[in-house]
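Quick note, the sequences are listed as chains A and B, same order. The first sequence begins at 1 in our numbering and counts up one residue at a time. The second sequence begins at 1001 in our numbering and counts up one residue at a time.
Hint data in this document are derived by calculation from the structure and do not stem from the laboratory. You may find that some hints are simply not true.
Claimed, not checked - Label-pair distances were calculated between CB atoms; the ranges are:
| # | chain 1 | residue 1 | chain 2 | residue 2 | range |
| --- | --- | --- | --- | --- | --- |
| 1 | A | S29 | B | N1196 | 54 to 60 Å |
| 2 | B | Y1191 | A | G233 | 17 to 23 Å |
| 3 | B | R1190 | A | R193 | 41 to 47 Å |
| 4 | B | T1072 | A | K183 | 48 to 54 Å |
| 5 | A | G309 | B | R1018 | 43 to 49 Å |
| 6 | B | R1232 | A | E206 | 32 to 38 Å |
| 7 | A | E207 | B | R1018 | 33 to 39 Å |
| 8 | B | E1113 | A | M1 | 24 to 30 Å |
| 9 | B | G1252 | A | K183 | 43 to 49 Å |
| 10 | A | K142 | B | E1113 | 27 to 33 Å |
| 11 | B | G1252 | A | E188 | 20 to 26 Å |
| 12 | B | E1113 | A | S172 | 50 to 56 Å |
Said to hold, decoys possible - Computed footprint of chain A on chain B; a stretch qualifies when at least three of its residues, placed anywhere within it, have a C-beta under 8 Å from a C-beta of chain A:
| # | stretch |
| --- | --- |
| 13 | 1090 to 1097 |
| 14 | 1116 to 1129 |
By construction, the Cβ of each residue, glycine as well, lies at the ideal position given by its N, Cα and C atoms.
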Amino acid sequence: MAVLVIADHDGKAVRDTTHKTVTAALAISGDVDVLVLGQGAQGVADAAARITGVRKVLLAESAGLGKMLAEAVEATVLPLAAGYDAVLTPANTDGKNFAPRIAAKLDTAPISDIVEVVSADTFVRPIYAGNALETVQSSDAKKVITVRPTAFAAAADGGSAKVETVTGADASKTTFVSEEMVKSDRPELGAARIVVSGGRALGSAEEFHAVMDPLADKLGAAVGASRAAVDAGYAPNDYQVGQTGKVVAPALYLAIGISGAIQHLAGMKDSKVIAAINKDPDAPIFQIADYGLVQDYKVAVPELMKALG
Amino acid sequence: MKVLVPVKRVIDSNVKARVKADQTGVDLANVKMSMNPFDEIAVEEAVRMKEGKEHHAAGTADEIVVVSIGVTQAQETIRTALAMGADRGLLIQSDTDLEPLAVAKLLKAVVDEEKPDLVLLGKQSIDGDNNAVGQMLAALLDWPQATFAGKIVIEGGKATVTREVDGGLQTVSAALPAVVSVDLRLNTPRYASLPNIMKAKKKEIAVKAVADYGVDTAPRLKVLKVAEPPKRSAGVKVADAAELVSKLKSAGVL
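Construct the entire structure; sequences and hints are all you get.
See below:
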C-alpha cells in the first residue's frame, strides 16, 4: 500500500509540518510519495525530495493551486488518488479546507487531526476540544487523513527522491480575490520553539502589543493569544491558540495574563514546559503550569525583561 | 435568496466533557446541551442577511430554513434558531450519532429538495471537531466552497468571502449556489427576545426520518475507545521573575 502526502509550503520551501506528516505517513506505509501543489513551486518540490523516506515527489501547478483553492486541489488529487491507499496532509487551514472535499468525492470518511497512528487503519484523534481522545478504525479502502503536526516528530532531510510533474487542475467556480498576510520577522506560531501568549488581562490592543512584542523579540518567540484576547480585539485572530485556533507544542509556552479556559488549554497543553504569570492564584492555568508566578503582569513582565538581560 | 442553515445540538460549550468510565464515549446524561456555537454564528449571519443589517443589503436573504439531524430534542435547537429569526425548520430524526459523510449525504438530499442559493453552516461542531461537513456537502453537490468565513458579501450572484487562514486572511469569490462555513469572528449571535421566542413557537418544524431520504448512512469508522487525555500536573510556584528565568534556564528551554 502507498501513501500520498500533500505538502504544506510557503511557495519557496516546504514547511516543517510536511516533514511531520511524512513521519505519520511512514507509520502507515513504507511507500510514501509527496505531492507539491502550487505555482512556481519547483524549488519546493526539490526541497520535498530531500525528506528522508520519500519515494518520489509529484509536482502539480496552476493558478488556483497557487492559492490552494479547494476545488483546484480536489480536481488535481482525484485522478492521482487511484494509486494510493491513503492521502495525508497537515491539519492546517489549507488541509482542513480541501481534505474533506477530496474524501467526499472518494466516498470515504475523512479522519481529522490525528495525533497517533496505531496501525495502518487505526488512529487516535482529539474530540470535545481535546477533553477526550478517540481511537477509530477505518473500514474504508481509501483513507483521507489530516495530521496534527505537533503530535509527530519531523522526518529528517537527507533523501534524494526524484521529482515528476503531474497535471495541475484549476478551479472554475471559485476565484481568488486577494490576501492579507500578516508580515512578521518572528517565527511562525505553529513552528516556534518559544511562544509567549497574552490574555484578556492585558486590557487593550495597544497594551497587548506594548507588552508582548518586546518580550517576544527578546526571546525570539512567536506571539499567541487566548480566544478571550482575540474576541476582545486585542490581538488578531491569527494569534489565537486553542482548540478553535492553533494548536502549538513549543519547548516553552509562556502565558501572560491568561486564565486558562478549557479551550485554550486544549491548544497548548502538549508544550514541553509551560510557565504562567497571572495575578489570580486560582487561575486554572496554574493547574497545568510547570512554573507559576502569581503576580500582576505589569510588575512581572518588566522584571522578566530585566532578568533576561 | 434562500438560505439553508444546518445546525447541531451539542454539549454546551461551558460544560467540560467527561469520558465514561467504560471508555465507550463521552457522558452526555444530564448534561446541558445547546446549539453548536459556530452554527449559532451561521444562523445570526443568515438573519442579518434577511434584515439587511451590517453591510448586507435589505432582503439579501428572503427565506431561512434551518435543518438539524439528531434526536427529538434537537427540535429545541431548531426552535432557538427560529426565535433568532429563521423562518421554518426541518428535523431529520436519528437516535444514532451520524458521521460527517452521512450528514453531508442527508444534507445533499435536503438541498436537492429545498434548492437553496446558499448553505451557511458552522466550520465545525465542538463535539466531534471534524471540521468536514460543509466541505463534503460542497463536494457532493459539486458546488464551490468558502470555509472559515470572517466576512461574507453577497452580490451579483456571488459570495465574496474573507477566510480566516493561517498567516492572515484570504478573500475568494464563489459563484452561487455555494457552501460557506463560518468562523468565530464573523459576528456575535443575538439572544432571542421573549416576543420572538413566543413567535417561534408558531413556526413550522417538519419532522422526517433518516430512512425517508434513502441515502447510505452506515458508519465507516469504528470507535474502539474514547479515553481521557494524559493529565498534566501543576508544577512549582516561583517568587519573582528572576527565579522564573533561572528555573527556565535550568530546564534548558531558555
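Results for each hint:
1. A:S29 <-> B:N1196: 54 to 60 Å: holds (55 Å)
2. B:Y1191 <-> A:G233: 17 to 23 Å: holds (21 Å)
3. B:R1190 <-> A:R193: 41 to 47 Å: holds (43 Å)
4. B:T1072 <-> A:K183: 48 to 54 Å: holds (52 Å)
5. A:G309 <-> B:R1018: 43 to 49 Å: holds (46 Å)
6. B:R1232 <-> A:E206: 32 to 38 Å: Because 33 Å falls inside the window, the suggested range holds.
7. A:E207 <-> B:R1018: 33 to 39 Å: holds (37 Å)
8. B:E1113 <-> A:M1: 24 to 30 Å: violated (40 Å)
9. B:G1252 <-> A:K183: 43 to 49 Å: violated (32 Å)
10. A:K142 <-> B:E1113: 27 to 33 Å: The hint (27 to 33 Å, Cβ to Cβ) holds, given that K142 of chain A and E1113 of chain B are roughly 30 Å apart.
11. B:G1252 <-> A:E188: 20 to 26 Å: 22 Å Cβ-Cβ, so the 20 to 26 Å window holds.
12. B:E1113 <-> A:S172: 50 to 56 Å: violated (26 Å)
13. 1090 to 1097: With 0 residues in contact (Cβ-Cβ under 8 Å with chain A), the coverage given for the stretch 1090 to 1097 of chain B is violated.
14. 1116 to 1129: holds (count 5)
The structure shown violates the earlier hints numbered 8, 9, 12 and 13.
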